[in-house]
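Sequence positions in the sequence shown follow the working numbering and run 19 to 425.
It should be emphasised that the hints constitute simulated quantities derived from the structure, not laboratory data. A few of these clues could be false.
Claimed, not checked - Here are the computed lysine-lysine pairs in the DSBU-like style, where the Cα-Cα straight-line distance is at most 35 angstroms:
{"hint": "1", "residue 1": "K204", "residue 2": "K243"}
{"hint": "2", "residue 1": "K135", "residue 2": "K117"}
{"hint": "3", "residue 1": "K293", "residue 2": "K126"}
{"hint": "4", "residue 1": "K156", "residue 2": "K135"}
{"hint": "5", "residue 1": "K203", "residue 2": "K133"}
{"hint": "6", "residue 1": "K243", "residue 2": "K287"}
{"hint": "7", "residue 1": "K152", "residue 2": "K126"}
{"hint": "8", "residue 1": "K35", "residue 2": "K156"}
{"hint": "9", "residue 1": "K135", "residue 2": "K309"}
{"hint": "10", "residue 1": "K247", "residue 2": "K117"}
{"hint": "11", "residue 1": "K204", "residue 2": "K293"}
{"hint": "12", "residue 1": "K152", "residue 2": "K211"}
{"hint": "13", "residue 1": "K152", "residue 2": "K133"}
{"hint": "14", "residue 1": "K309", "residue 2": "K287"}
{"hint": "15", "residue 1": "K287", "residue 2": "K152"}
{"hint": "16", "residue 1": "K222", "residue 2": "K204"}
{"hint": "17", "residue 1": "K117", "residue 2": "K229"}
{"hint": "18", "residue 1": "K156", "residue 2": "K117"}
{"hint": "19", "residue 1": "K211", "residue 2": "K135"}
{"hint": "20", "residue 1": "K156", "residue 2": "K243"}
{"hint": "21", "residue 1": "K211", "residue 2": "K126"}
{"hint": "22", "residue 1": "K247", "residue 2": "K309"}
{"hint": "23", "residue 1": "K152", "residue 2": "K117"}
Model, not experiment: these values are computed from the prediction.
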Amino acid sequence: MLSEKMMHLVPASLQGKEDILFGNLHELYTFHNEIFLKDLENCISTTELVALCFVQRRDTFYRLYSFYCQNIPRSDRLRETLVDTHLFLQECQKRLGHKLPLGAYLLKPVQRITKYKLLLENLLGSSDSGSCTKELQKALDCMLIVLRCVNDSMHQVAITGFPSNLSQQGELLLQDPFQVWTESKKDLRLRKKPQQRHIFLYQKSMIFCKKTSKPGHNKSTYQFKHQLKMSQIGLTESVRGDSTRFEVWLQGRQEVHTIQAPTDEVKNKWVTEIKRLLLNQLEELKGEKIKQYGMNHHGLRQTTSWDTPNILLGMPQRAVSCDASSESSNRNSNCSSSGDDAYPHGMPPPPATSGNGHAHVHGNGGGAGADKEQQEACGWSSDYSNSEDEMSIIEDNSAPKPMQKVG
């Protein structure tokens, strides 16, 4: 609180905005002073119990620090953009004899999280007890998760121009920089040069942004460029010629985004997470359709999951795309396969079928004799209706077409 001597100096632009200027700083102080400090004091002589303090308070750490960090950009704008506010804070600093500006002190809570991590790392390095090491590792893992979540939340707040509410996109799962090539049937153009994009993967969508920074500022912002809903995309895990590339595309490949990760590790991490989301969507939809059918038809007979007719469930099976070329148009050739190699590892393949709307495979040439590399380059589509391209493959399945040369 300001003293009465200073109250008359508060500019109108700052009055009633303590919550923006300081965020939940008082709540952070209360937590550390009245709760966490006492936790540590009660177990100061036992390292395992010290570690347990961090594990037990993990959710509180995340809640408090996420809120605080998400407010930092608002506080910065309030302090830096209004001239009278800036002059007032300078006068406060001068009268209090502080060497650092207010912004430096507002970063102290964020720095404390990093110090907790370093403390646990030092304790872990000095421990030679098996049980103690195990508990310290749990505590360190908890703080690393908090740090990652706090970092993600700060990036999320920095997204500008998004036309909807980010909170409606579900949990933020991943975010990394990529190079992206985009191909669209609508404008019939292929971008020969990649675009630098920072992509955020949420439970419900992928958001493509352009990283920007203002002159004189060391903080980056992310300008919204494009959104893909997870319920509408397909995934191609591998692109021939580059192990760091994968593709996401809309039904019938109306829109294709070839994404190049900085490393194989980043690419594999994203492919694994996207596959998990698509598979979860498939299972949820199956459950909803089966439940709906059971309510409408009490005499539903028991069948195996793959033998259940698609028309019975009211949905076609998920289309699976085999794609192994980044240089040619994948729309001009097709293949069919019933082997397990044509499906992502760890995912059960649906049966190879034809003209009744069941699951099928389409992609670049080869048929049943396709090499292993091509069979493993496959993807999952989260759109549960067959595209026009896919239906043409189903209808002509009985009469194999000559392979088209791709080059």
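Checklist line | List of violated hint numbers, smallest to largest | finding: Of the numbered hints, 3, 5, 8, 9, 10, 12, 18, 19, 20, 21, 23 do not hold.
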